[in-house]
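Enquirer: Protein sequence lines, in the order shown, are assigned to chains A and B. Take the numbering used here: the last position of the first sequence gets the number 1016, and nothing is skipped along the way. Take the numbering used here: the last position of the second sequence gets the number 442, and nothing is skipped along the way.
Because the hints were derived from the structure by calculation, they are not lab data. There may be inaccurate statements among the hints.
Claimed, not checked - Once the Cα atoms are required to be at most 25 Å apart in a straight line, the calculated SDA-like pairs of lysine to any residue come out as:
| no. | chain 1 | residue 1 | chain 2 | residue 2 |
| --- | --- | --- | --- | --- |
| 1 | A | Lys988 | A | Arg967 |
| 2 | B | Lys28 | A | Tyr599 |
| 3 | B | Lys185 | A | Pro606 |
| 4 | A | Lys726 | B | Asn258 |
| 5 | A | Lys728 | B | Asn155 |
| 6 | A | Lys781 | B | Thr100 |
| 7 | A | Lys728 | B | Val362 |
| 8 | A | Lys831 | B | Asp113 |
| 9 | A | Lys728 | B | His284 |
| 10 | A | Lys701 | B | Asn182 |
| 11 | B | Lys28 | A | Thr816 |
| 12 | B | Lys122 | B | Ser45 |
| 13 | B | Lys28 | A | Lys781 |
| 14 | B | Lys158 | A | Ile917 |
| 15 | A | Lys536 | A | Lys831 |
| 16 | B | Lys296 | A | Asn732 |
| 17 | B | Lys189 | A | Ala825 |
| 18 | B | Lys291 | A | Tyr727 |
| 19 | A | Lys831 | A | Gly856 |
| 20 | A | Lys860 | A | Ser882 |
| 21 | B | Lys243 | A | Pro604 |
| 22 | B | Lys158 | A | Met586 |
| 23 | A | Lys849 | B | Asn155 |
| 24 | B | Lys158 | B | Asp131 |
| 25 | B | Lys391 | B | Val362 |
| 26 | A | Lys701 | B | Asn396 |
| 27 | A | Lys728 | B | Arg292 |
| 28 | B | Lys314 | B | Asp336 |
| 29 | B | Lys239 | B | Thr31 |
| 30 | B | Lys122 | B | Asn396 |
Unchecked claim - Each pair of labels, with its calculated beta carbon distance range:
| no. | chain 1 | residue 1 | chain 2 | residue 2 | range |
| --- | --- | --- | --- | --- | --- |
| 31 | A | Pro868 | B | Gly94 | 54 to 64 Å |
| 32 | A | Pro606 | B | Lys23 | 34 to 44 Å |
| 33 | A | Asp827 | B | Ala233 | 29 to 39 Å |
| 34 | B | Arg241 | A | Asp827 | 32 to 42 Å |
| 35 | B | Val121 | A | Leu549 | 50 to 60 Å |
| 36 | B | Lys291 | A | Ile593 | 35 to 45 Å |
| 37 | A | Leu869 | B | Ala346 | 23 to 33 Å |
Don't be surprised by glycine CBs; every beta carbon is placed ideally from N, CA and C.
Chain by chain, the residues run as shown.
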Amino acid sequence: MANEPSPQFLSSVRLKYVKLGYQYLVNHIMTLLLIPVIIAISVELARVGPDEILSLVRFLYDLDLIYTMSTVFLVIIAGTVYFMSRPRPVYLVDYACFRPPPNFRVPFSTFLEHARLVPQFDERTVRFQVRILERSGLGEETCLPPANHYIPPTCSMEAARGEAELVIFSAIDELLNKTGMRPKNIDILIVNCSLFSPTPSLSAMVVNKYKLRSNIMSFNLSGMGCSAGLISIDLARDLLQAHGNSNALVLSTEIITPNYYLGKERAMLLPNCLFRMGAAAVLLSNCHRQKNRAKYRLTHVVRTHKGADDAAYKCVFQEQDSEGITGINLSKDLMAIAGDALKSNITTMGPLVLPASEQLLFLFSLIARKVFKAEWKPYIPDFRMAFEHFCIHAGGRAVIDELQKNLQLSDRHVEASRMALHRFGNTSSSSLWYELNYIEAKGRMRKGDRVWMIGFGSGFKCNSAVWKCLKTVQTPVEGPWSTCIHRYPVDVPAMVKVL
Amino acid sequence: MEVLATLTVLFLLYSLYLLYKSYILKRSTNCYLVDYVCFKPSSDREITTRKCGEIMERNKTLGLAEYKFLLKVLVGSGIGERTYGPRNIIEGREESPTLDDAIQEMDEFLDVTVHDLFVKTNISPSDVDVLVVNISTFCPAPSLASRIVHRYNMRKDVKTYNLSSMGCSATLVAIDVVQNIFKSGKKTIAVVVTSESISPNWYSGNDRSMMLGNCLFRCGGSVMLLTNDPAMRSQSKMRLKCLVRTHIGANDDAFNSAVQKEDDMGRVGVHLSKSLPKSAVHAFSQNLKRLMPKVLPYREMALLVYRIVKQKVVQRNTKLNTLVAQIDFKSGVDHFCLHTGGTAVIDAVGRALRLSEYDVEPARMTLHRWGNTSASSIWYVLGYMEAKKRLKRNDRVLMISFGSGFKCNSCLWEVCRDLGDGDVWEDCIKDYPPQILVNP
């Protein structure tokens, strides 16, 4: 009696099978329709004897040879032109993330102690920052650059350049080592760093250090927020479409040194608590040679800019507080705006990646609600059918929670984002690469898997990129997680008591 | 057999259709400059030489020697009496610029020029597909590109790129981004915004190598609308023929020739080293090497090859400098837009390319009227040529600019139709060229 499953369970299982059957039917409709056609043709061929076929061939010979040859040539030329004008595939050969050295660690106790000793912070400010840190989802091993360990933090240009050189050169050195790429073979260089852009630019700094060629196409993007990594990938893709046989080096980072807020405005203290050191170097290529060594292929990039909307534009805003100290103001409706931006992005992304079954369901639900005014909840397409892995920008615990709810993802899907936030903090545009590395280090990346990277940034932008894995990634993986992957995943409590 | 015939016809038609599609795609990879607008700040922002001197007097860290040096630079700079500065410096707040000052400077520029561009070209902001902004020394969050999207309510799938700190040659980097996006063949409309932010970058110390920026840079900016749609060819002004970028950052001296850093007192300024002219020459020659085959007509190239062969083989002389000096660039280029980095820069480039006074006149007059407006200067030079009605159909215009890092970028445009729009030069073009350029 106890072993008999309840009727509810049975019905839900039946429903699940119905749904599976429906999805299979719709996604393979072309194949299913083609089968009777193939059967009909083969039956016809079997009926027709071999002499009929021979007479067909003789007929062709009888036709003027010129006409036949010219037709054949025309078809061949058209076919070649068509294949050549198709967009070039963009391969991700490899990527490397900056591994912060342990002596840059900022455990909660250090953060609290330093905050108390900084003269510009009063007791209220310190308590507020610590409260944020307790609920942030960050762990004890996140790192800040050397300048921020001074009391008070020394935010000079020289210190900022020092941090830039450290993170950028480490990441690029590791990448060049991994891929065996010679600096002279790099054709395109894109560097994105939001809040620090000295003259000469960081891209010029990279050209100087690695002695890149004089005809390099270099670009330095700045001020584009935490989604700038995917904007750089988009630019690299456009450039690789215009230039064949090229290699592009994309560098995403955020330099923390000059942006430590030393004022009292609450909304501007949040970045102090969340942003940490990080950088990622990515090598993209459209060379045919690299196809066998490449890890991923870029299939789609979708960019959404909600700047036209006032609230979205003002949501992440750099301004000066009443005392004239510059900081980044994060508004309270950040989550709602992020959710909204994501919905816009999904509307464009959905048709590109969702299987036909999900799109039809979404269409039916939309028609029913709009035309027949049915009182149904809006159908959220099941993105787990389109992707195996999700890399959500580790902006903060709240962002990840909100997206998990919006996309109806399980804990396992957002595990990479939560763990990257815990171990490295919010490393801005490079966080997506730390998350990807987590998934690989856990041995979950298989050939054919699709990865969806979602980044958010000031403006308000929501950008996403879809990658397809070209070969199963073998563990152990060399990267920022190599020394600590065995300890993960950890359970990140909602609040860690510090004070 | 009818089946076979039908199949063949179908295949043929489909092949022809594919060929036609590829042809259309190829046709749409041209980059057309539909129009451009330069910025004219309001007249209450004009700075005369005397006013410049007064502003410099306010810097208490300067000694008499430094003050004299600055005045000498100012007087010999070729900059006239009607250039424009940012409000905070004119109002005496140069030592403590606020974020609002910098944003206000940008807003004054963006509100006027971008609006004028849309009106002139009859394009609505929601038609813009790509927006590239390069404002070198100021990048707030959210970026100025987002600021423009917000101000003009652009579409949510607009592709924005905010380039930063790429120096005075950044406008051609922005055009490079746009021309690469155009190569995909899809009909796109792009807007490029170029300017420089002066307010937050005043140097308030007394290191001589960092003070030149204060004297020479002025406010200005320009906005361009580009497209690859062949249907807009008739209303376009110019077509891009080639663009060459050279980056000699691999050379340490070149990289360190213009560096933003703190002086001994901790004040931030841009340090210009003594190796700057040499780096500029090096970058320029590298750029010319790649530009020449694309710009010079075949006859000139053949002549050059003949001379090289004659010199190397017959005379056993491997010095090629004199040969390069004999090349007549004017056979391939009709007009020259030179970056107005200073009189020295204009003179040096003019000498290298064997240009006459008539050729460098636009650059000199732009320097006189507007000062060194950094990246947007070449658009003011182009404006001068247009106002003087020099640009005729099928003329070729060469733009050359230099930037920190060290970069030298150049591009060649072909004029689509006779141009005569005076734009910002309308009110003063009759006074140019003036009888005397020397500063009293």
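Enquirer: Each hint should be assessed against the structure and marked as holding or not.
Expert: Against the structure, the hints come out as follows:
| no. | hint | in the structure |
| --- | --- | --- |
| 1 | Lys988/A to Arg967/A | holds, 12 Å |
| 2 | Lys28/B to Tyr599/A | holds, 12 Å |
| 3 | Lys185/B to Pro606/A | holds, 16 Å |
| 4 | Lys726/A to Asn258/B | holds, 12 Å |
| 5 | Lys728/A to Asn155/B | violated, 42 Å |
| 6 | Lys781/A to Thr100/B | holds, 18 Å |
| 7 | Lys728/A to Val362/B | violated, 34 Å |
| 8 | Lys831/A to Asp113/B | holds, 18 Å |
| 9 | Lys728/A to His284/B | holds, 16 Å |
| 10 | Lys701/A to Asn182/B | holds, 22 Å |
| 11 | Lys28/B to Thr816/A | holds, 23 Å |
| 12 | Lys122/B to Ser45/B | holds, 23 Å |
| 13 | Lys28/B to Lys781/A | violated, 58 Å |
| 14 | Lys158/B to Ile917/A | holds, 23 Å |
| 15 | Lys536/A to Lys831/A | violated, 43 Å |
| 16 | Lys296/B to Asn732/A | holds, 15 Å |
| 17 | Lys189/B to Ala825/A | holds, 23 Å |
| 18 | Lys291/B to Tyr727/A | holds, 23 Å |
| 19 | Lys831/A to Gly856/A | holds, 16 Å |
| 20 | Lys860/A to Ser882/A | holds, 16 Å |
| 21 | Lys243/B to Pro604/A | holds, 23 Å |
| 22 | Lys158/B to Met586/A | violated, 51 Å |
| 23 | Lys849/A to Asn155/B | holds, 23 Å |
| 24 | Lys158/B to Asp131/B | holds, 10 Å |
| 25 | Lys391/B to Val362/B | holds, 16 Å |
| 26 | Lys701/A to Asn396/B | violated, 38 Å |
| 27 | Lys728/A to Arg292/B | holds, 19 Å |
| 28 | Lys314/B to Asp336/B | violated, 31 Å |
| 29 | Lys239/B to Thr31/B | holds, 17 Å |
| 30 | Lys122/B to Asn396/B | holds, 23 Å |
| 31 | Pro868/A to Gly94/B: 54 to 64 Å | holds, 58 Å |
| 32 | Pro606/A to Lys23/B: 34 to 44 Å | violated, 20 Å |
| 33 | Asp827/A to Ala233/B: 29 to 39 Å | holds, 35 Å |
| 34 | Arg241/B to Asp827/A: 32 to 42 Å | holds, 39 Å |
| 35 | Val121/B to Leu549/A: 50 to 60 Å | holds, 56 Å |
| 36 | Lys291/B to Ile593/A: 35 to 45 Å | holds, 40 Å |
| 37 | Leu869/A to Ala346/B: 23 to 33 Å | violated, 54 Å |
Violation of the numbered hints given earlier is confined to hints 5, 7, 13, 15, 22, 26, 28, 32 and 37; the remaining hints are satisfied by the structure.
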